[in-house]
Amino acid sequence: MSGHGQAVAALGAKTYTDYDEAALIRAAQAGDQYAFERLVQLYDQNVLRLAVNLLRSPEDASDIYQEAFLRVYRNLHTFRFDCSFHTWLYRIVTNLCLDHLRKRKVRREESTVLDTAEGPVDRMEIVMEERAEGNPQRNLISQQLNARIREVLSTLTARERMVFEMRHYQGMRLKAIGEVLGTTEEAAKNCLFRATQKMRAALGDFV
Amino acid sequence: MTCEAVVKQLPLLLYGELTFDEEEAVYQHVDTCAACQAEMAKTASLHRRLDEAEPDVDAMLLANCRRKLRGAIADPPQKQSWFTWNWLGKPASALTMLAMGFFGGQMLPRNFNDPAPTASRVRFVESDAAGQVRIVLEDSRQRVVSGDMDDDSIRALLLRATRESTDPGVRVGTMDLLKTQSESVEVKRALLHALRNDTNAGVRLKALEALRPSAAQDDTRRVLAEVLLKDDNPGVRTQAVDLLMQREAPELVGVLQEIMSREDNQYVRMKVQRALADMNASAETF
Numbered sequence: 260m261s262g263h264g265q266a267v268a269a270l271g272a273k274t275y276t277d278y279d280e281a282a283l284i285r286a287a288q289a290g291d292q293y294a295f296e297r298l299v300q301l302y303d304q305n306v307l308r309l310a311v312n313l314l315r316s317p318e319d320a321s322d323i324y325q326e327a328f329l330r331v332y333r334n335l336h337t338f339r340f341d342c343s344f345h346t347w348l349y350r351i352v353t354n355l356c357l358d359h360l361r362k363r364k365v366r367r368e369e370s371t372v373l374d375t376a377e378g379p380v381d382r383m384e385i386v387m388e389e390r391a392e393g394n395p396q397r398n399l400i401s402q403q404l405n406a407r408i409r410e411v412l413s414t415l416t417a418r419e420r421m422v423f424e425m426r427h428y429q430g431m432r433l434k435a436i437g438e439v440l441g442t443t444e445e446a447a448k449n450c451l452f453r454a455t456q457k458m459r460a461a462l463g464d465f466v
Numbered sequence: 067m068t069c070e071a072v073v074k075q076l077p078l079l080l081y082g083e084l085t086f087d088e089e090e091a092v093y094q095h096v097d098t099c100a101a102c103q104a105e106m107a108k109t110a111s112l113h114r115r116l117d118e119a120e121p122d123v124d125a126m127l128l129a130n131c132r133r134k135l136r137g138a139i140a141d142p143p144q145k146q147s148w149f150t151w152n153w154l155g156k157p158a159s160a161l162t163m164l165a166m167g168f169f170g171g172q173m174l175p176r177n178f179n180d181p182a183p184t185a186s187r188v189r190f191v192e193s194d195a196a197g198q199v200r201i202v203l204e205d206s207r208q209r210v211v212s213g214d215m216d217d218d219s220i221r222a223l224l225l226r227a228t229r230e231s232t233d234p235g236v237r238v239g240t241m242d243l244l245k246t247q248s249e250s251v252e253v254k255r256a257l258l259h260a261l262r263n264d265t266n267a268g269v270r271l272k273a274l275e276a277l278r279p280s281a282a283q284d285d286t287r288r289v290l291a292e293v294l295l296k297d298d299n300p301g302v303r304t305q306a307v308d309l310l311m312q313r314e315a316p317e318l319v320g321v322l323q324e325i326m327s328r329e330d331n332q333y334v335r336m337k338v339q340r341a342l343a344d345m346n347a348s349a350e351t352f
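Protein sequence lines correspond, in order, to chains A and B. Per my numbering, the very first residue in the first sequence carries number 260; after that it's consecutive. Per my numbering, the very first residue in the second sequence carries number 67; after that it's consecutive.
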């Protein structure tokens, strides 16, 4: 039976839609390539956004995207619906991102800190500023604001950034974020509070 | 409840993360405390600012990621995966599959196998080296329709995708397919529409690329000038200058001078300045 045929059989007369995630997963587990692809498309924009925002490198984010979905592809048959697929996927993605950031730290990223005549300067900050300049908004205030937001995001710890990104831009509940990061809702709350406070302090002029 | 405790709860309140009782306690305090009211307004303002600064997903990056994923799955480094990807098993060079997930509940043109229109969702477009285009549709179940780019139905689906897909990766892929057809009036109209209106800069850049062959035509030039004046992405503006300058024309001088008076991107300014110099025109109006 073809992949699609198997899927149809697995689903009975039922057809899957964007909202029928469990049916999509079962169909993909049964070998339906279209169902798997649909599953990827349900989440991949947010996965990519998360990786880009956390790693601030499109190339690294692209690697994380590949690795995450390949892992999902290879291990989907082990998924037993003990948690939501979203949580399972995000666990993979956030772990990959954290590993990546850790490796970057170990490698010292060819040392992100440069010694200059004005003292040590973090290359990450230079990159952020260059990027902000290369992509200016017409409105000067929003240009400055965006630059400042990027700057302050880079001062957050990886976990704070993750919690903030998942809560603010991806609308995930703190409980789910806690599950993804293998921590408690309370710890996720504290992380979010710290992130918010840092942003408040850094964006004082704009709010 | 103390002010300190309230301040700690405010972000959670705005994210809807407090229980009913916790929210009540916060509101009770805020109602009677001017300092916490101000704090709440500032936190809400911070949320709005952060929303405004939300980065867009780069459509080209997304499309590339999807393409690479398909390639990786179709051609795994290890021996065998747990199921076979028939459609992905095709050589990547011979087949470019573009992920699409657009326009739910649409009417499919009549001349496919079904006698009557069907409510369909287009999920993929793909093209092969021979110029054949295949489109995967989803209605009660998924299916594939195929044809070449000259097929009116295929083209109609692609044209709708340019306007109606919510997925920027799909729109980029569609632009890529349509660029071979930019001499067609309706395709050109769709490309110009995307260049003017698409919210994603990656898609607009693809539309610009597809419009390159018609850059000397008046209607394209009018839109290019408009884009140059209005588009908020410097990359798009830079490309628009390049295309406009494929044909120097005196009527361009006014537009370029106008741009010099308002452009804030150094690279675009430099391009425009050079274009004006090539036309022996001043960079300023008098």
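Just so you know, these hints were derived from the structure itself, not from any lab. Just so you know, even glycine gets a beta-carbon here, dropped at the ideal spot from N, CA and C. Treat the hints with caution; some may be incorrect.
To be verified - What follows is a list of derived Cβ distance ranges for each label pair: (1) A/E445 / B/E230: 40 to 46 Å; (2) A/A460 / B/D330: 50 to 56 Å; (3) B/R255 / A/R339: 48 to 54 Å; (4) B/M67 / A/R432: 21 to 27 Å; (5) A/R432 / B/N263: 31 to 37 Å; (6) A/A460 / B/S348: 44 to 50 Å; (7) A/S316 / B/Q332: 42 to 48 Å; (8) A/R339 / B/D285: 55 to 61 Å.
Output the numbers, in ascending order, of every earlier hint that fails for this structure.
The structure conflicts with hints 2, 7, although it agrees with all the remaining ones.
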